[in-house]
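Since the structure of chain R is already known, use the hints to place chains F, D and C on it.
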Amino acid sequence: MLEIDGLIAQVGHFRLGEVSLAVAPGSCHAVVGPSGSGKSTLLGAILGTLPVLRGYIRLAGEDLTALPIERRQIGYVPQQLGLFPHLSVRANLLYSARARRVPEPVYGPLLARLLEITGIGGLLDRRIQTLSGGERQRVALVRALVAKPRLVLLDEPFSALNESLRRELWWLVKELQQEQGLTVMLVTHDLTEAYSLADQITVLIDGRQEQSGDKAAIYRRPASLAVARFLGLKNLFPARAQTPGLLDCPAFGVQLRIKDSKVEGEELWVGIRAEHVAVRRPNDPLRPDETRLSGYFERILDLGDSAMLHLRTPSGALLEIRCRHRLLRSYAIQEGKMGIVGLPADELFVIRS
Amino acid sequence: MLEIDGLIAQVGHFRLGEVSLAVAPGSCHAVVGPSGSGKSTLLGAILGTLPVLRGYIRLAGEDLTALPIERRQIGYVPQQLGLFPHLSVRANLLYSARARRVPEPVYGPLLARLLEITGIGGLLDRRIQTLSGGERQRVALVRALVAKPRLVLLDEPFSALNESLRRELWWLVKELQQEQGLTVMLVTHDLTEAYSLADQITVLIDGRQEQSGDKAAIYRRPASLAVARFLGLKNLFPARAQTPGLLDCPAFGVQLRIKDSKVEGEELWVGIRAEHVAVRRPNDPLRPDETRLSGYFERILDLGDSAMLHLRTPSGALLEIRCRHRLLRSYAIQEGKMGIVGLPADELFVIRS
Amino acid sequence: MSLKTLGFGVRASIVAALAVLAIYAGLILSLLWFLDPEILRRTLWSARSLFSIRLSLYAATLVTLLALALAIPAAYALARYRFWGKEATEIVLEFPLIISPAALGATILIFFNNPVGEWIQENIVYFVFNVAGIVLAQLITVLGLAVRMLKAAFESVPPELETVAQTLGAGRTYAFLTVTLPLAKNGLLAALILIWAKALGEFGATLMVAGSMAMRTETLPIAIFMRLSSADIEATVALILILVVIGLTALLIARRLLAGSARA
Amino acid sequence: MSLKTLGFGVRASIVAALAVLAIYAGLILSLLWFLDPEILRRTLWSARSLFSIRLSLYAATLVTLLALALAIPAAYALARYRFWGKEATEIVLEFPLIISPAALGATILIFFNNPVGEWIQENIVYFVFNVAGIVLAQLITVLGLAVRMLKAAFESVPPELETVAQTLGAGRTYAFLTVTLPLAKNGLLAALILIWAKALGEFGATLMVAGSMAMRTETLPIAIFMRLSSADIEATVALILILVVIGLTALLIARRLLAGSARA
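Protein sequences, first through last, are from chains R, F, D and C. Sequential numbering of the first sequence, starting at 3, is according to this note's numbering. Sequential numbering of the second sequence, starting at 3, is according to this note's numbering. Sequential numbering of the third sequence, starting at 8, is according to this note's numbering. Sequential numbering of the fourth sequence, starting at 8, is according to this note's numbering.
Chain R extracted, bound-state conformation (with noise of 0.2 Å):
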């Protein structure tokens, strides 16, 4: 169990803080952020590599930050893995059991499932330098493992494969940390990676923790406008609440319904993912859980499997939406012409400016 208590760091003149979040034991957390809104202060901080101005880091109740960095217990795989290039594979995996003088029968069984699981078990006596890309991951991912973390320091591992390879990772990755039970941080500033490896999530923006929860919450709830900016939310509009189930929004000129009601009179902002806007046929029938709009689209994006469209609407209003690539055709969507879209209620969101 990772506990951060208000904790507050600074290098330079970057600050971070105030910072609180828990990671449960056996699960994963992402700290997910643009690059400089401090991931990497944070990480620093629960490494050891930088100082804590005010706040407690705590892992499994103990107050780490009195510890020197090699008594913290923590397995740590950086962007470019740290792996020891002058050292064998093999050397690189004992290198903790040899600074630490553990025994081989002590490492040997959980080293062995390590291998065992990676598939890097033949690569032993090679070169680091001879490794491909993915078989770095899995070394520098093991190297860390086999010194029994209670906490494991993932910071953008991934970030130098390609996407098929990534993919690969992320799934040997959720399978060690499911089966050895580890407690995970991972830092990165792809969204995917997060969804795919973490429970929770923490978007930092400029050394601001702007939203913490569960993952599922922060992707159909961002909690600010910058959290919806940085996850790449287009259709974000403001709006005043009406009459319970009803948003004024001027964008577009009418009244949207709502799941939720809000107070009434407050000023809001309102949004929608673009997979979740609907496209509609003229003729089919109007469902009273959600608002349609028609436009034109002004820009089609054709990306192979979905399409990106454009809707300009009377009121000026532009709506970002994505569908599936048959839809062009059965629905005949094309660049200039009319088109309906429906936003069901349940999918609109709503963010207190």
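Do not take every clue at face value.
Unchecked claim - In silico SDA-like cross-links for lysine to any residue, where the CA-CA straight-line distance does not exceed 20 Å:
(1) D:Lys192 to D:Leu264
(2) D:Lys93 to C:Ile30
(3) D:Lys192 to D:Ala23
(4) R:Lys176 to F:Arg324
(5) R:Lys176 to F:Tyr298
(6) R:Lys236 to R:Ala218
(7) F:Lys176 to R:Glu337
(8) F:Lys339 to F:Met310
(9) C:Lys192 to R:Phe86
(10) F:Lys261 to F:Arg354
(11) R:Lys150 to R:Leu117
(12) F:Lys150 to D:Gly178
(13) R:Lys236 to F:Lys176
(14) D:Lys93 to C:Ile260
(15) R:Lys339 to F:Lys176
(16) F:Lys339 to R:Gln180
(17) C:Lys93 to D:Ile260
(18) F:Lys176 to R:Phe299
(19) F:Lys176 to R:Lys176
(20) F:Lys176 to F:Ala26
(21) F:Lys236 to F:Arg354
(22) R:Lys150 to R:Ala101
(23) C:Lys93 to D:Ala23
(24) F:Lys236 to R:Gly136
(25) R:Lys176 to F:Ala309
(26) F:Lys150 to F:Ala114
(27) R:Lys236 to R:Thr293
(28) F:Lys150 to F:Ile119
(29) F:Lys236 to F:Val352
(30) D:Lys192 to F:His88
(31) F:Lys236 to F:Arg223
(32) F:Lys150 to F:Gln75
(33) C:Lys93 to D:Gly16
(34) R:Lys176 to R:Gln81
(35) R:Lys150 to R:Pro105
Calculated from the structure, these hints are not laboratory results.
Structure of chains F, D and C alone, referenced to chain R:
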């Protein structure tokens, strides 16, 4: 019109060849491939920074290899953008006009229009260092376009941006390309970028031109195992053509229904995209145009809006499936549980080995 | 790192670094013991000192200009092109750093004793024990450094920027003048200053080629040698301080310029 | 680029680079004009030359060991930590590169004329006009370079590797010995060789502090100076060639080591 015919180029020990492709006027051609595939060598040959060993590069009928770089009239936006840090935005944009002594009345209207589309008119007196990443991209684009290039070469120009900004710039490039009728060659390792911007795609792997053609064709019908693997396709299995419309696939121990008929007895590979595998319920009616497989879900990666599933068949084969997140609940899909999927005959593609 | 983890090894290594600082700073400061303002003034204003200062400034400036004229194109070629003899040239550039200035100066002197050297001396310029010899000795000593520094300055400009300039219609020369040169400016200025200071302080090679002749080939370092030989400590201190002040100023300006170019 | 686009400017710059090569190579080769194998043999085997060679090798080796002992911890501190006086130390390291060796040597000599220096000479070691003076002069001359080179060697090892070693349970010293030192090895060896060669060729400071006394403080560079002063050209050439061969060998070994460490 760019025509490359039988091109061979060499850098050190790396050899690229033979490459033959054509980019129609006003269209966008993407060159994709993993790093070290020869993308930048091809680019250097077109640009004029690398010598051509053999073959032709023609632009509008003119042999480019005989021209020095400055007379090729190619607009170039490299990965690092190549903005001149000692000059203001204005001086960067006017660099080509000053180098070629083009008077203001000639370039003025085009520049004004480009500034309007890209919205960087307010940045003219700024220094490059004070611009954000997205602003720099726009300045680099406008600087290349205001010189009225016959061909625009984009070398991974968006790779330093975050996803949301990157998508915004795709829209912009698309708009510029259509309005200005640009002929564009885009070099990228990002498949989504290639699908978004290009009409035609060429896949380079290890210095070989593996496939060239319409982006839909490459998406749905990769020509070789190397291309399929580069596209991230995991579902690839050896097969043998049987009676027309059927493939023997030992990995599943069943015959697969396919659309196109193959020569009997031929050794092949059969594949399907993860998102084309359909999840079925036991009581769903059998369809004549698909093959049903059963197995258990070995692992589930929750990606927010969608999910990746690994289905292990009784024959031991592993099938990767991508489905909408909401299916997980409505189909009661859980790790370790049994499941049924369908392989639609028209989504299975075949590669000659 | 947090202060609690600052172990013995860390502190010992910092002490070692500060010891290096103390050695050099202490040496320079110890000069002040013999510093007599009246003698300093008198030494500096004497005809002999003024001659040395003028000669040193003249020679160092001429050497810097000559070195730059040859080093700018040579360094650009080394930074940008591959050609026959490139590796040999790069090795030779480090010669003056590694070979004793005495050996270098002696080599120059001996060169003028062979027929080619003799012909040059009789028909072009007479170098040995002459001001031209000072210039030549300093030039040979600093040329390698000049090329190396300018090469680093040119290498700090991404070649891609020149390619982009060419795609925008600039010829090679126009691209060099409008892109490479302005961007390498700070590095070039820093090189210029350091080369100048290095030429100003050159001793071994100058002594060999031009000898130590008062009011003739007596540059500042030679003057220090001659005054110290005649045990005129106060005057020596005065001359050393001039050189130290010039050297330190040059160093600080060059560091600022290089830091500026690293940021840009 | 294709050969067709190789313009006049490109060719002129390559010619300039090759001219630099020709100047240095030509100077060295011109020595062969006066090379008489018999005199070379006789010069090398004379008691006086053997004394110079032995003295030079002894002094340079001792200086290198002393310099490393101080420079390794100092360079590591400069490469890894922030501390009070760091910037001043880094400036001071460039002193010996920029300040005349004559001024440096004179400063050392003058230091021993102040009360502290006199006390040191009377109670610890007598430096002036002595072998200890040679060692001190060379040490002061090379120490700055030694720290700079070792700092670069340590900086080439990513600090992240030390952090990873620590997360794996290694203490700071264990991490230094098992990760930093082996990875900086090539850079350290190259520094060692270049420092040794530089000490071997030191002339100006040595001359000031230890003087030129045959069979007493006559290092190789001093011997070149003395032989040339007595117009014994053939013997001078022989001594120069020894220095050039040693310097060139050191340079080539160091370049290979540094290239190796850049690849690793």
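Hints and how they fare:
1. D:Lys192 to D:Leu264: holds (9 Å)
2. D:Lys93 to C:Ile30: OK: Lys93 of chain D and Ile30 of chain C at ~14 Å, within 20 Å.
3. D:Lys192 to D:Ala23: violated (36 Å)
4. R:Lys176 to F:Arg324: holds (17 Å)
5. R:Lys176 to F:Tyr298: holds (18 Å)
6. R:Lys236 to R:Ala218: holds (19 Å)
7. F:Lys176 to R:Glu337: holds (12 Å)
8. F:Lys339 to F:Met310: Measuring from Cα to Cα gives roughly 15 Å; hence the hint holds.
9. C:Lys192 to R:Phe86: Given pair Lys192 of chain C, Phe86 of chain R holds - Cα atoms ~14 Å apart, limit 20 Å.
10. F:Lys261 to F:Arg354: Answer holds: Lys261 of chain F to Arg354 of chain F is near 16 Å, not above 20 Å.
11. R:Lys150 to R:Leu117: Holds - the C-alpha atoms of Leu117 of chain R and Lys150 of chain R are around 14 Å apart, at most 20 Å.
12. F:Lys150 to D:Gly178: holds (17 Å)
13. R:Lys236 to F:Lys176: With a Cα-Cα distance of about 18 Å, the restraint between Lys236 of chain R and Lys176 of chain F holds, given a limit of 20 Å.
14. D:Lys93 to C:Ile260: Answer holds: Lys93 of chain D to Ile260 of chain C is near 18 Å, not above 20 Å.
15. R:Lys339 to F:Lys176: holds (18 Å)
16. F:Lys339 to R:Gln180: OK: Lys339 of chain F and Gln180 of chain R at ~17 Å, within 20 Å.
17. C:Lys93 to D:Ile260: It holds: about 18 Å lies between the C-alpha atoms, which stays within 20 Å.
18. F:Lys176 to R:Phe299: holds (14 Å)
19. F:Lys176 to R:Lys176: violated (38 Å)
20. F:Lys176 to F:Ala26: holds (16 Å)
21. F:Lys236 to F:Arg354: holds (17 Å)
22. R:Lys150 to R:Ala101: holds (14 Å)
23. C:Lys93 to D:Ala23: Holds, because 11 Å separates the two Cα atoms, which is no more than 20 Å.
24. F:Lys236 to R:Gly136: This hinted pair holds, its Cα atoms lying about 16 Å apart.
25. R:Lys176 to F:Ala309: holds (14 Å)
26. F:Lys150 to F:Ala114: Holds - the C-alpha atoms of Ala114 of chain F and Lys150 of chain F are around 13 Å apart, at most 20 Å.
27. R:Lys236 to R:Thr293: holds (18 Å)
28. F:Lys150 to F:Ile119: Cα-Cα ~16 Å, so holds.
29. F:Lys236 to F:Val352: Holds, at roughly 14 Å.
30. D:Lys192 to F:His88: Within the cut-off at roughly 10 Å; holds.
31. F:Lys236 to F:Arg223: Since the Cα atoms of Lys236 of chain F and Arg223 of chain F sit roughly 14 Å apart, the hinted pair holds (cutoff 20 Å).
32. F:Lys150 to F:Gln75: OK: Lys150 of chain F and Gln75 of chain F at ~8 Å, within 20 Å.
33. C:Lys93 to D:Gly16: Given pair Lys93 of chain C, Gly16 of chain D holds - Cα atoms ~17 Å apart, limit 20 Å.
34. R:Lys176 to R:Gln81: holds (18 Å)
35. R:Lys150 to R:Pro105: holds (14 Å)
Checked against the numbered hints given earlier, this structure breaks hints 3, 19; the rest are met.
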